[in-house]
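When we follow the numbering used here, the leftmost residue of the sequence shown carries the number 11, and every step to the right adds one.
Any given hint might turn out to be false.
What the hints assert, rightly or not - Derived lysine to any residue pairs resembling SDA-like cross-links, with alpha carbons at most 20 Å apart: (1) K40 - A53; (2) K40 - R60; (3) K40 - D19; (4) K70 - D54; (5) K40 - D54; (6) K68 - Q50; (7) K70 - V55; (8) K40 - L30; (9) K68 - R79; (10) K40 - L22; (11) K40 - Q50; (12) K40 - K68; (13) K68 - A53.
Unchecked claim - Label pairs and their in silico Cβ distance ranges: (14) A35 - K68: 28 to 36 Å; (15) A39 - V83: 31 to 39 Å; (16) L62 - E33: 43 to 51 Å; (17) T81 - P46: 54 to 62 Å; (18) D54 - E34: 18 to 26 Å; (19) P46 - G85: 51 to 59 Å; (20) R60 - R86: 36 to 44 Å; (21) A102 - P20: 51 to 59 Å; (22) G85 - A110: 33 to 41 Å.
Hints in this document: simulated from the structure, not taken from any laboratory.
Where a beta carbon is used, it is the ideal one built from N, C-alpha and C, also for glycine.
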Amino acid sequence: MPAEKLLDDPGLTAFALGELAGEEAAAVAKLVAANPEAAQFVADVRGAARVLEGSLAKEKLPRLTPTQRETLVAGRAAGGVSLLSFLRPAAALALVALVAGVWGHHYGVPVQLVEVSSEPDVFDQAAGIMGKDANLFERVSKTTFAHYSK
């Protein structure tokens, strides 16, 4: 395996962080022993993990105030919100979507939405009625409604 692919392998990082066990850990340990780049990578990941653990251990965790704690305990005692209250609307929406899907699949969607006519164009009729001013009407109307007639 090429070195760049080896170092991108998530199994190598998992090994470095102690997240592999059994045969997987033994196979990666054998690979690390045979490959100096992999051994250096594991050492670097372990060193970075130690630095992070050390710096995070120094962080003070925020604690709940007594008022916040009392509010949480009171909410738990009152019953709070159940999972079922979230599932009912979701189930109703899923049922509506299912019915709409079956209905649409069974009845389909109309294919012809616009009826094509062989009648003379409205603009041609207007030109005959309006005479010389029809040219202006035709230019403005065709420019304004060109995208509707397609």
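- [ ] Mind checking the alpha carbons of K40 and L30 for me, to see if they're no more than 20 Å apart?
- [x] 13 Å, holds
Task: Hint consistency between K70 and V55 [alpha-carbon to alpha-carbon, up to 20 Å] - done: 25 Å, violated
Open item on the list: K40 and R60 were given as a pair; does the straight-line alpha-carbon distance stay at or below 20 Å?
Closed with: 23 Å, violated
Open item on the list: Check whether the Cα positions of K68 and R79 lie no farther apart than 20 Å.
Closed with: 24 Å, violated
Task: K40 paired with D54 [C-alpha distance capped at 20 Å] - done: 18 Å, holds
Open item on the list: Within 51 to 59 Å: is that where the Cβ-Cβ distance between A102 and P20 falls?
Closed with: The hinted range 51 to 59 Å is violated for A102 and P20, with Cβ atoms some 41 Å apart.
TODO: With respect to the beta-carbon atoms only, verify the hint that L62 and E33 lie 43 to 51 Å apart.
DONE: 28 Å, violated
Open item on the list: Tell me if the straight-line CA distance from K40 to K68 falls inside 20 Å.
Closed with: 35 Å, violated
TODO: May I ask you to test the hint 54 to 62 Å on the CB atoms belonging to T81 and P46?
DONE: 57 Å, holds
Task: Given hint Q50 paired with K40 - CA-CA distance at most 20 Å - done: 14 Å, holds
Open item on the list: Can you tell me whether the CB distance of D54 to E34 sits inside 18 to 26 Å?
Closed with: 21 Å, holds
Open item on the list: Quick check: does the Cβ-Cβ distance between R60 and R86 fall within 36 to 44 Å?
Closed with: 38 Å, holds
Of the numbered hints stated above, those contradicted by the structure are hints 2, 4, 6, 7, 9, 12, 13, 15, 16 and 21, listed in ascending order.
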